[in-house]
Amino acid sequence: MNQAELAAYVHSQLRQEGIDLVLSGGAAVSIYTSNRYISRDVDFVATGLASRAQIKRAMERLGFREVGRHYEHPDAKWFVEFPGGPPSVGTEPIAHIEEIHFATGTLRVISATDCVKDRLSAYYHWHDRQSLEQALLVAAERDIDVGEVRRWSEVEGKLDEFAKIEHELSRNSLRKPPHSV
Amino acid sequence: MLEALLGSRNSERVLIFLFAREEGYATEIARFFQTDLYGVQRKLDGLEVGGIVVSRKVGRTRLYTFNPTYPLLPPLKALLERAIAFYPEKEREALFLNRRRPRRRGKPQ
Numbered sequence: 001m002n003q004a005e006l007a008a009y010v011h012s013q014l015r016q017e018g019i020d021l022v023l024s025g026g027a028a029v030s031i032y033t034s035n036r037y038i039s040r041d042v043d044f045v046a047t048g049l050a051s052r053a054q055i056k057r058a059m060e061r062l063g064f065r066e067v068g069r070h071y072e073h074p075d076a077k078w079f080v081e082f083p084g085g086p087p088s089v090g091t092e093p094i095a096h097i098e099e100i101h102f103a104t105g106t107l108r109v110i111s112a113t114d115c116v117k118d119r120l121s122a123y124y125h126w127h128d129r130q131s132l133e134q135a136l137l138v139a140a141e142r143d144i145d146v147g148e149v150r151r152w153s154e155v156e157g158k159l160d161e162f163a164k165i166e167h168e169l170s171r172n173s174l175r176k177p178p179h180s181v
Numbered sequence: 001m002l003e004a005l006l007g008s009r010n011s012e013r014v015l016i017f018l019f020a021r022e023e024g025y026a027t028e029i030a031r032f033f034q035t036d037l038y039g040v041q042r043k044l045d046g047l048e049v050g051g052i053v054v055s056r057k058v059g060r061t062r063l064y065t066f067n068p069t070y071p072l073l074p075p076l077k078a079l080l081e082r083a084i085a086f087y088p089e090k091e092r093e094a095l096f097l098n099r100r101r102p103r104r105r106g107k108p109q
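For the record, the sequence lines run as chains A and B. Take the working numbering: the last position of the first sequence gets the number 181, and nothing is skipped along the way. Take the working numbering: the last position of the second sequence gets the number 109, and nothing is skipped along the way.
If you are wondering where the hints come from, they were derived from the structure by calculation, not from laboratory data. Everything numeric in this text was worked out from a predicted model, so none of it was measured. You may find that some hints are simply not true.
Now the stretches of chain A that chain B is said to cover, found in silico as 3 or more residues with beta-carbon under 8 Å [as the list claims (entries may be wrong)]:
1. 83-91
2. 117-125
With a straight-line cut-off of 30 Å between C-alpha atoms, the simulated DSSO-like cross-links for lysine-lysine are [as the list claims (entries may be wrong)]:
3. A:158 - B:57
4. B:57 - B:77
5. B:57 - A:56
6. B:90 - B:77
7. A:77 - B:57
8. A:56 - A:77
9. B:77 - A:158
All residues carry an ideal CB built from backbone N, CA and C; glycine is no exception.
Given the sequences, and given the hints that come with them, work out the whole structure.
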């Protein structure tokens, strides 16, 4: 089972228990870049009102064990995490969710444009260069709405920072290879 | 002030402290409010799990700040700003007036 299949499995199993999730973070970058970026964890954000206790019970039923703030499974090489807070990119709610089907189940993932915003949020606030690189990788592989990223950057008060990377982001988003998940 | 709303006195203390000083560590917060360190640590931990604060190690100290990407941060800060206006003047001054500029090692306090 690869990372995306594991994520789809966990997502589908928890959904059956009434826990709605969306994949975000580095694992979403991995999926959108066909693993050109490798993430060691699988970050799910709860889109419903599931409690941490509910999630813990469901994960334990799947054979995961809570270790600190993440979950581990003896047969999986990825950690599964459930970062707190409402599903958002910066100060705005997640706009669109994609559904991708795998043999192990269906996975809901933040859209490629939101994935870029999510990475840029870390770049804007912590000057994390790796996050910018990931945003550019996603832009190079997927159709993203650069105008929407600009609008969001302005809402976040980061239009000046966006202006510095807009050219690179647009150039990457125009150079798109054919892709499959 | 916000204890009933936030569910605990330590939640209010931690949030008010971080709002006033922009950053802080558990011992500093507990010392300021003359309260139990463990309770403050537990609250900071919970706020970090909830995505409201983030932390980083500075030497041997874990320093906490508000998470700038937390979507409800602007209204939360607005609430804290309003609440702190009702604090006694002495406590408000103590929260906001703290030395952040460098102080040479060995200089008398």
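To see whether the hints hold, each was checked on the structure:
1. 83-91: Our answer is that it holds, as 7 residues pass the Cβ test (under 8 Å) against chain B, meeting three.
2. 117-125: Holds, because 3 residues of the segment 117-125 of chain A bring their Cβ atoms closer than 8 Å to Cβ atoms of chain B.
3. A:158 - B:57: 26 Å, holds
4. B:57 - B:77: 24 Å, holds
5. B:57 - A:56: 28 Å, holds
6. B:90 - B:77: 21 Å, holds
7. A:77 - B:57: At roughly 27 Å apart (the allowed maximum being 30 Å), residue 57 of chain B and residue 77 of chain A satisfy the hint.
8. A:56 - A:77: The given pair, whose Cα atoms are some 19 Å apart, holds under the 30 Å limit.
9. B:77 - A:158: Holds - the C-alpha atoms of residue 158 of chain A and residue 77 of chain B are around 19 Å apart, at most 30 Å.
Of the hints listed earlier, there is not a single one the structure fails to meet.
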